[in-house]
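Put together the whole structure using the sequences plus the hints.
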Amino acid sequence: MSLDKPYKDVPGTTIFDADMSRQGYHLNQFCMSLMKADNRARFKADERAYLDEWPMTEEQKQAVLDRDLNRCIALGGNIYFLAKIGATDGKSFQQMAGSMTGMSEDAYRDMMVSGGRSVEGNRYIGEKK
Amino acid sequence: MARITASVYTSHVPAIGAALDLHKTAEPYWQPVFKGYEFSKQWLKDQKPDVIFLVFNDHATAFSLEMIPTFAIGTAAEFTPADEGWGPRPVPKVIGHPKLAAHIAQSVIQDDFDLTIVNKMDVDHGLTVPLSLMCGEVQAWPCPVIPFAVNVVQYPVPSGRRCFNLGKAIRKAVESYDEPLNVQIWGTGGMSHQLQGPRAGLINKEFDTMFLDRLIADPEGLAGVPHIDYVREAGSEGIELVMWLIARGAMSDVGGGNKPTVRHRFYHVPASNTAVGHLILENN
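For the protein sequence lines, the chains are A and B, in the order given.
Anchor point for the first sequence: position 74 equals 74 in the working numbering, and the numbering is continuous, going up by one each time.
In the working numbering, each residue's number is its place in the second sequence (first place is 1) plus 1000.
It is worth saying that the hints were derived from the structure and are not from the lab.
If we take Cβ atoms under 8 Å as the criterion, some of the chain B residues that face chain A in the derived model are:
1. S1064
2. D1083
3. P1156
4. Q1194
5. G1197
Straight-line Cα separation of at most 30 Å, DSSO-like style, residue types lysine-lysine; simulated pairs:
6. B/K1205 x A/K5
7. B/K1168 x A/K5
8. B/K1205 x A/K91
9. B/K1035 x B/K1093
10. B/K1093 x A/K91
11. B/K1035 x B/K1024
12. A/K91 x B/K1035
13. B/K1093 x B/K1172
14. A/K8 x B/K1205
15. B/K1099 x B/K1168
16. B/K1024 x A/K36
17. B/K1099 x B/K1045
18. A/K36 x B/K1093
19. B/K1120 x A/K36
20. A/K91 x B/K1024
21. B/K1168 x B/K1045
All residues carry an ideal CB built from backbone N, CA and C; glycine is no exception.
So this is what it looks like as structure tokens:
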């Protein structure tokens, strides 16, 4: 019998459930390692070599190298873990969140100041806006 | 006996902590946020709680994917503000209340809530930002704090109903403690926000307003709202709001007492990616 996952039809949203967590375990634990200053320095010195120390998939490594957070999330990454990469790069949470929307940093910030993204038209995949 | 005298609800946006620590509170962007807490800072000074039971969530700081406790009670003597990758916040150490925490753990577990007991835990912005908002910049926090961490990072997170019922068990536990302590319970996180994916930046003022209204007047009904409604309406990270139901469930009216007094209510958009909500309820 399949599990109840009613959140699959929310647009632009990946819910980090037990199954995603299983797929993203090493990716997220790599991110966690960046909490330590020494590891941040080693990662910055040679990103590829540092990533190769982790049993991540090649796709996951490439997504990190590309700083493609949407791809990281599709491959099991969770935003609170991925935020450690942003911290290493000196990015704010707003810059990271904005980078996933296809908007420029200024446009995203302006949207937030104007009250944020409306839920209208954003509740269901395929919903008419 | 100990008594829960009031509950406090507030968002715990990390950028608020950064604004405080970098002395940006007077900037036009941040000024309206901090203005919403001016009353609260004086109120907290006047109330002089002996202990704050602070419900929050860890954001991949103390808990990686190695262990994911659904409910974790901090029973240590002290908790250090964590380095979340930007360096630790320059805020005081959090002093715990191991005796009351152990008492609550014993009572609540016997009431069928399987808490994880944590004797070593660094605390992140989820805990320190609410303290900063309510206390301002201080050399020491005004009283001991019992950190209570809820998993809202990996699904499934506990339901609103489960959180609400846990609040009831916490009140029972506090009221069975012999010393006459003035205890506050704080629920933190939310309000509407989404930090991930193409839908990042979602804010839903109507949902947030409904949530605040029902938290005050119809918490029992609000506890029945399923996860999917939070995700769809308030964003994937809006699910943090279930933690407010723990604090609300610990109020006296839920157990047949008088309705609480709404001492303060505040709402503002945005702080970084998030809607800021804040409420103070006093028991009567």
